[in-house]
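2 protein chains.
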Amino acid sequence: MTPLFPNPDDQRLTEAVAGIDHTGAPVEIRVPVERALTLYLNAQEIVTMMTINDYPEYLALGYLLNQNMLKPTDVVTEVEYDDDLQVVVVRTEHGTNFEQKLKKKTLTSGCAQGTAFGDLMESIEDIELPQTPLRTSWIYQMTHEINTKPSLYLTAGAIHGCVLCKEGTPICYMEDVGRHNAVDKIAGWMFRHGVSAADKIFYTTGRLTSEMVIKTVRMGIPILVSRSGFTSWGVDLARQAGLVLIGRAKGKRFIALAGAERLVFDQDLAYVKDDAMGARRKAAQDD
Amino acid sequence: MTPLFPNPDDQRLTEAVAGIDHTGAPVEIRVPVERALTLYLNAQEIVTMMTINDYPEYLALGYLLNQNMLKPTDVVTEVEYDDDLQVVVVRTEHGTNFEQKLKKKTLTSGCAQGTAFGDLMESIEDIELPQTPLRTSWIYQMTHEINTKPSLYLTAGAIHGCVLCKEGTPICYMEDVGRHNAVDKIAGWMFRHGVSAADKIFYTTGRLTSEMVIKTVRMGIPILVSRSGFTSWGVDLARQAGLVLIGRAKGKRFIALAGAERLVFDQDLAYVKDDAMGARRKAAQDD
Numbered sequence: 002m003t004p005l006f007p008n009p010d011d012q013r014l015t016e017a018v019a020g021i022d023h024t025g026a027p028v029e030i031r032v033p034v035e036r037a038l039t040l041y042l043n044a045q046e047i048v049t050m051m052t053i054n055d056y057p058e059y060l061a062l063g064y065l066l067n068q069n070m071l072k073p074t075d076v077v078t079e080v081e082y083d084d085d086l087q088v089v090v091v092r093t094e095h096g097t098n099f100e101q102k103l104k105k106k107t108l109t110s111g112c113a114q115g116t117a118f119g120d121l122m123e124s125i126e127d128i129e130l131p132q133t134p135l136r137t138s139w140i141y142q143m144t145h146e147i148n149t150k151p152s153l154y155l156t157a158g159a160i161h162g163c164v165l166c167k168e169g170t171p172i173c174y175m176e177d178v179g180r181h182n183a184v185d186k187i188a189g190w191m192f193r194h195g196v197s198a199a200d201k202i203f204y205t206t207g208r209l210t211s212e213m214v215i216k217t218v219r220m221g222i223p224i225l226v227s228r229s230g231f232t233s234w235g236v237d238l239a240r241q242a243g244l245v246l247i248g249r250a251k252g253k254r255f256i257a258l259a260g261a262e263r264l265v266f267d268q269d270l271a272y273v274k275d276d277a278m279g280a281r282r283k284a285a286q287d288d
Numbered sequence: 002m003t004p005l006f007p008n009p010d011d012q013r014l015t016e017a018v019a020g021i022d023h024t025g026a027p028v029e030i031r032v033p034v035e036r037a038l039t040l041y042l043n044a045q046e047i048v049t050m051m052t053i054n055d056y057p058e059y060l061a062l063g064y065l066l067n068q069n070m071l072k073p074t075d076v077v078t079e080v081e082y083d084d085d086l087q088v089v090v091v092r093t094e095h096g097t098n099f100e101q102k103l104k105k106k107t108l109t110s111g112c113a114q115g116t117a118f119g120d121l122m123e124s125i126e127d128i129e130l131p132q133t134p135l136r137t138s139w140i141y142q143m144t145h146e147i148n149t150k151p152s153l154y155l156t157a158g159a160i161h162g163c164v165l166c167k168e169g170t171p172i173c174y175m176e177d178v179g180r181h182n183a184v185d186k187i188a189g190w191m192f193r194h195g196v197s198a199a200d201k202i203f204y205t206t207g208r209l210t211s212e213m214v215i216k217t218v219r220m221g222i223p224i225l226v227s228r229s230g231f232t233s234w235g236v237d238l239a240r241q242a243g244l245v246l247i248g249r250a251k252g253k254r255f256i257a258l259a260g261a262e263r264l265v266f267d268q269d270l271a272y273v274k275d276d277a278m279g280a281r282r283k284a285a286q287d288d
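These protein sequence lines map, in sequence, to chains F and V. If you count the first sequence from 1, you need to add 1 to reach this note's numbering. If you count the second sequence from 1, you need to add 1 to reach this note's numbering.
Just chain F, same shape as in the assembly (with noise of 0.2 Å):
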């Protein structure tokens, strides 16, 4: 499939807002555009998101495939995307059982995100990571480009960035105002391109959180990495899920919490620039 990058120009995620500087004087900037897109599997409505939604049909199937509504193995026979009504709707052939999980997780959970938060725990136990290595040279190719290349963020901040790597090099880069809405798009792209996720790194804008880790090892990534830092339970389970835990990554620098050993250190630091577009990256504002 074509790689697919962000597309600041795309005048449709982005809006220009009038407003004064710190001088008194007018400004115009623009800003991301955030929209509320409610989510339907087969007659269930599911969730309502907040998206720039440039990319409707991978955020729902990705979506689903994180939360574990929807298995790699299910046939997807139709995503429907109504612009109007904001609303997308995915249909499988067999149906779900998703109408009964839900009945259960009302009754154990109320608000769902606590029984919600325990399945995706378990969806992870049984999956076993390919132990792939990773060359340093390649951290700091993808950094590179990803932070060098056009994107919302640059042009509007306020967004976050989710990547996939094939060694150094990024192949499917998502942004979203929200960075879970990011991954899922990225999980959709490669769900509906049948890419494999053995030989790829995930490299993220947010932080190294227990969710991210999960995401991360659900679609079966071996590698992820971060400019932002970590927290502990993400460290947890990334060491009991077997991933490489990259982060910090700025420049020269990064640190390694978990899969160290398999670094390859094959790139003579002399040769890489210190944190001038990461700069810029910080410059263009951002959280």
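Take the hints with a grain of salt, since some may be wrong.
Any copy, or any two copies together, can satisfy a pair, since identical chains are not distinguished.
Below, a list of computed lysine to any residue pairs in the SDA-like style, where the Cα atoms sit at most 25 Å apart [unchecked claim]:
1. 253 to 155
2. 274 to 21
3. 167 to 24
4. 253 to 22
5. 72 to 196
6. 253 to 31
7. 253 to 29
8. 150 to 55
9. 167 to 55
What the hints contain is simulated information worked out from the structure, not anything from laboratory work. Note that the coordinates shown come from a computational prediction; the quantities given were computed from them, not determined experimentally.
Put chain V on the given structure of chain F with help from the hints.
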């Protein structure tokens, strides 16, 4: 009441983790802990949250208030926290009708988030915020104090912060792995101590999304400031609600996209330092 600030020396909130750095040398860094906390309202299980769990009582009360499950006028008879079970129970005098609400929610939206969001939108429609002015000197004073105060952020990174200020002075500074938890803990603290909102300023390290604006308006706070950027819906809602919305506040710079007419430019910019401390925050890793 006494002002409340982060306690980065509290050993329960961070954990030392060993790994290797980009040169292959062993390193040990501190990372924030992430714990599951399950919240009950009377007999009803509501949600399981991932939190650093420093203030389960404030988090529980603030979550319920910000989700509109508890009214500011409700009488809370007890907040019981069980450290072993990681459960917090909020009991109210007259019971709550949330059991019924949950049932309705389940019928209409399954996973609850959809209807919950709709409810929140409605819940801010009738709120009239006071037209409190904002002196620019307060912005510079508070961001300087926030950036230089010892915090988990500076110690361990990967954490969000929210700060309630009176004029330029921080009076309650909360941090959490989930940025909405940090907001909710401040709401709970204000509720517990009867702190008025009308003369306060709310500062967040996170982005100015619709959700952040809704929570600030629900708390009755008339001014929201962030060092991060905006989303378009966040700006729209702030304008509708009469909230002063300031983003990208770093060093001398900021941008006002709502309520700019309430700004009073009383600060001589020649005396404001550039973003040295902001850079320090960034260098400590985040997002």
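Problem - Enumerated hints in conflict with the structure, sorted upward - result: Failing hints: none at all.
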